[in-house]
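Participant: These protein sequences, in sequence, are chains A and B. Read left to right, the first sequence gives residues 1 to 98 (my numbering). Read left to right, the second sequence gives residues 1 to 395 (my numbering).
Incorrect hints may appear among the rest.
To be verified - DEER-style ranges, computed between Cβ atoms: (1) A/Glu-23 to B/Ser-104: 51 to 59 Å; (2) A/His-71 to B/Ser-155: 14 to 22 Å; (3) A/Asp-50 to B/Asp-118: 19 to 27 Å; (4) B/Asp-304 to A/His-51: 29 to 37 Å; (5) B/Asp-156 to A/Gly-52: 17 to 25 Å; (6) B/Asn-193 to A/His-51: 45 to 53 Å; (7) B/Ala-34 to A/Asp-50: 36 to 44 Å; (8) B/Thr-215 to A/Met-84: 56 to 64 Å; (9) A/His-71 to B/Lys-72: 37 to 45 Å; (10) B/Ser-104 to A/Glu-27: 44 to 52 Å; (11) A/Asp-50 to B/Gly-180: 20 to 28 Å; (12) B/Gln-121 to A/Asp-50: 16 to 24 Å.
Said to hold, decoys possible - Below, simulated PhoX-like cross-link-like pairs (lysine-lysine); rule was C-alpha separation at most 20 Å, straight line: (13) A/Lys-55 to B/Lys-127; (14) B/Lys-224 to B/Lys-98; (15) B/Lys-109 to B/Lys-12; (16) B/Lys-72 to B/Lys-12; (17) A/Lys-55 to B/Lys-98; (18) B/Lys-313 to B/Lys-302.
Said to hold, decoys possible - With the C-beta cut set under 10 Å, the calculated list includes, among others, these residues of chain A facing chain B: (19) Val-5; (20) Thr-12; (21) Pro-42; (22) Arg-45; (23) Ile-48; (24) Arg-57; (25) Phe-59; (26) Thr-86; (27) Ala-94.
Hints in this document: simulated from the structure, not taken from any laboratory. Nothing here was measured: the structure is a model prediction, and the numbers come from that model. Cβ atoms here follow ideal geometry from the backbone N, Cα and C, with glycine treated the same way.
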Amino acid sequence: MIRVVLPAHLRTLARVDGEVTLEVKGEVTQRSVLDALEARYPMLRGTIRDHGTLKRRPFVRFFACEQDLSHESPDAPLSDAVAMGTEPFLIVGAMAGG
Amino acid sequence: MSSIRLLVGTKKGAFILTSDGTRKQWDVSGPHFAGWEMYHLKGSPVEPNRIYASQTSSWFGQIIQRSDDGGKTWHQPGTPPGEPTTTPDGMPKGESNKFVYDTSLETGKPLTTHQHYDGTQRPWEFKRVWHLEPSLTDPNAVYAGIEDAALFRSSDGGQTWQELAGLRDVKGNLWQPGAGGMCLHTIVQDPTNPRRIYIAISAAGTFRTDDGGVTWRAINRGLKSQYELPDPDAEVGHCVHRIAMHPTRPNVLFMQKHWDVMRSNDAGESWHEISGNLPTDFGFPIDVHAHEPETVYVVPIKNDSEHFPPDGKLRVYRSRTGGNEWEALTKGLPQHDCYVNVLRDAMAVDSLDPCGIYFGTSGGQVYGSANAGDSWTAIVRDLPPVLSVEVQTLR
Numbered sequence: 001m002i003r004v005v006l007p008a009h010l011r012t013l014a015r016v017d018g019e020v021t022l023e024v025k026g027e028v029t030q031r032s033v034l035d036a037l038e039a040r041y042p043m044l045r046g047t048i049r050d051h052g053t054l055k056r057r058p059f060v061r062f063f064a065c066e067q068d069l070s071h072e073s074p075d076a077p078l079s080d081a082v083a084m085g086t087e088p089f090l091i092v093g094a095m096a097g098g
Numbered sequence: 001m002s003s004i005r006l007l008v009g010t011k012k013g014a015f016i017l018t019s020d021g022t023r024k025q026w027d028v029s030g031p032h033f034a035g036w037e038m039y040h041l042k043g044s045p046v047e048p049n050r051i052y053a054s055q056t057s058s059w060f061g062q063i064i065q066r067s068d069d070g071g072k073t074w075h076q077p078g079t080p081p082g083e084p085t086t087t088p089d090g091m092p093k094g095e096s097n098k099f100v101y102d103t104s105l106e107t108g109k110p111l112t113t114h115q116h117y118d119g120t121q122r123p124w125e126f127k128r129v130w131h132l133e134p135s136l137t138d139p140n141a142v143y144a145g146i147e148d149a150a151l152f153r154s155s156d157g158g159q160t161w162q163e164l165a166g167l168r169d170v171k172g173n174l175w176q177p178g179a180g181g182m183c184l185h186t187i188v189q190d191p192t193n194p195r196r197i198y199i200a201i202s203a204a205g206t207f208r209t210d211d212g213g214v215t216w217r218a219i220n221r222g223l224k225s226q227y228e229l230p231d232p233d234a235e236v237g238h239c240v241h242r243i244a245m246h247p248t249r250p251n252v253l254f255m256q257k258h259w260d261v262m263r264s265n266d267a268g269e270s271w272h273e274i275s276g277n278l279p280t281d282f283g284f285p286i287d288v289h290a291h292e293p294e295t296v297y298v299v300p301i302k303n304d305s306e307h308f309p310p311d312g313k314l315r316v317y318r319s320r321t322g323g324n325e326w327e328a329l330t331k332g333l334p335q336h337d338c339y340v341n342v343l344r345d346a347m348a349v350d351s352l353d354p355c356g357i358y359f360g361t362s363g364g365q366v367y368g369s370a371n372a373g374d375s376w377t378a379i380v381r382d383l384p385p386v387l388s389v390e391v392q393t394l395r
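Isolated chain A (complex conformation):
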């Protein structure tokens, strides 16, 4: 199971507390994790990635294993620790004031 940590506002929208766990079929990548997340919580579609282009929204960042993965290819495999569920995939609102 993949563990995903959402920022507070998206937890509110998805009506969840704490971490989300997801079953991801096939290779574990940013894209496959986000696809699974949006399929389970469709109210999050458009909040993390643009509806049309599926590009990461500018003020959203992806962290895992103390690494910033925001600029990695969405199709690059995530680390084994994320794929095995020992480390979570963090979706974070960027520090941008406000």
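Starting from the structure of chain A, add chain B where the hints point.
Facilitator: Positioned in the frame of chain A, the structure of chain B alone reads:
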């Protein structure tokens, strides 16, 4: 007895203010959607407990919310509470947050470019919903004015949205963003002709459809923008800030432009200036008295960079002559050291008698008058900056 419900959108959440018909004591609920920019909330005229809301954030984008109980509870229309969020095969059931420009061969238009501030061309890109305008007759129909400027419509209570793409066809390459972005902020429906809709865009101007939104044309003749456009009389490109109509006179329109307060007597075919004796004719909101079609309200601010009232005095100006002759309404409003702004969607009138009028400020105050503007009181003083104010008269 009648009651009043104010729907207040702010930069950090929504607030709902309610009072009985005396409009003296107010209850405040909120913040709803705390931390989010609530650009606009508006109730259906035919089903007042149905309220649509635009919830947006630079971080997480656009959310559409709907209440069917007058603002007590909310849900995203595409995912009703208590129901599975996906179909049996795992597909999302609703896409109420999805605003995608229509580029289809059948109903769409190619996604071209518009002017940017620096004169270069930029591609259209969805940013947020500025304004939601429920249908006058169908509680499931609602229009959305968006940035980058386009008009969308939902006919299923906000579950899905379709662009009325013919609008972008009216010289969209010459449209450009105003200081707040290239936004479609005003949607006015003709109550006597459901196929006629007016919209306004900063900075493109005013447009009208007479076929329910399939085709549009610019209606900006008479507007002059000598400080904003190389051609002051250009067909498109004007920074219209808001237009207002009295429902009994759908051919008469009032406009607050970037500079100039304007009027049309012929459904926008031509415009003439009615700024008259205003201390400055720059401003954002404009509205019409509920029972007097020639009584108009504006809130002049100093100029395009000094977005605050002249001389530190917060004054609403009222014309009882359809323009040109204006009186300052000051009783109860701060008359020294006041440097707030009132945004285009942050003024509204109720339909009680005497007519009530309300506005919200960038300083977080919401002022109300139960006597058509003769005197004012602060209903609340310390909200986040107010983006929009709408009022519902409940009977």
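Participant: For each hint, tell me whether it holds in the structure or not.
Facilitator: Going through the hints against the structure:
For A/Glu-23 and B/Ser-104, the Cβ-Cβ distance of about 35 Å falls outside the hinted range of 51 to 59 Å, so the restraint is violated. A hinted range of 14 to 22 Å is violated for the C-beta pair A/His-71 and B/Ser-155, which are about 40 Å apart. Look at A/Asp-50 against B/Asp-118: about 24 Å separates their beta carbons, and that is inside 19 to 27 Å. With their beta carbons about 34 Å apart, B/Asp-304 and A/His-51 fall inside the hinted range of 29 to 37 Å.
Separated by about 20 Å at the C-beta atoms, B/Asp-156 and A/Gly-52 satisfy the suggested range of 17 to 25 Å. Checked against the hint of 45 to 53 Å, the pair B/Asn-193 and A/His-51 fails, with Cβ atoms roughly 34 Å apart. A beta carbon spacing of about 25 Å between B/Ala-34 and A/Asp-50 contradicts the range 36 to 44 Å that was offered as a hint. Hint check: B/Thr-215 to A/Met-84, Cβ distance near 57 Å, so the stated range 56 to 64 Å holds.
Restraint check, A/His-71 to B/Lys-72: a C-beta distance of roughly 43 Å satisfies the suggested window 37 to 45 Å. The hint said 44 to 52 Å for the Cβ distance between B/Ser-104 and A/Glu-27, and at roughly 33 Å that hint is violated. For the hinted restraint 20 to 28 Å between A/Asp-50 and B/Gly-180, the CB-CB distance of approximately 21 Å keeps it satisfied. In this structure, B/Gln-121 and A/Asp-50 meet the distance hint of 16 to 24 Å, their C-beta atoms being roughly 20 Å apart.
The hinted pair formed by A/Lys-55 and B/Lys-127 meets the criterion: a straight-line CA distance of about 14 Å does not exceed 20 Å. About 37 Å separates the Cα atoms of B/Lys-224 and B/Lys-98, which puts this hinted pair outside 20 Å; it is violated. Proposed proximity of B/Lys-109 and B/Lys-12 is contradicted: the alpha carbons are some 35 Å apart, above 20 Å. Distance hint between B/Lys-72 and B/Lys-12 is fulfilled; the C-alpha atoms sit about 18 Å from each other, no more than 20 Å.
At most 20 Å may separate the alpha-carbon atoms for a hinted pair to count; A/Lys-55 and B/Lys-98 meet this at roughly 14 Å. The suggested pairing of B/Lys-313 with B/Lys-302 holds, with an alpha-carbon distance near 11 Å, which does not exceed 20 Å. Contact between A/Val-5 and chain B, as hinted, is not supported at the beta carbon level, the nearest pair being about 15 Å apart and thus beyond 10 Å. Annotation: interface hint on A/Thr-12 holds; nearest CB of chain B at approximately 8 Å, less than 10 Å.
Interface restraint check for A/Pro-42: the shortest CB-CB distance to chain B comes to about 3 Å, inside 10 Å, so the restraint holds. The criterion of a C-beta within 10 Å of any C-beta in chain B is met by A/Arg-45, whose closest approach is roughly 6 Å, and the hint holds. Nearest Cβ of chain B to the Cβ of A/Ile-48: about 7 Å, under the 10 Å cut. The hint holds. Given hint, A/Arg-57 at the interface with chain B, holds; its Cβ is 6 Å from that chain's nearest Cβ, closer than 10 Å.
Below 10 Å, beta-carbon pairs count as interface contacts, and A/Phe-59 has one with chain B at about 4 Å; its hint therefore holds. A cut of 10 Å between beta carbons decides the hint on A/Thr-86: the least distance to chain B is about 27 Å, and the hint is violated. Using the Cβ-Cβ criterion of 10 Å, the hint placing A/Ala-94 at the interface with chain B is satisfied: the shortest such distance is roughly 7 Å.
Checked against the numbered hints above, the structure violates hints 1, 2, 6, 7, 10, 14, 15, 19, 26; every other hint is satisfied.
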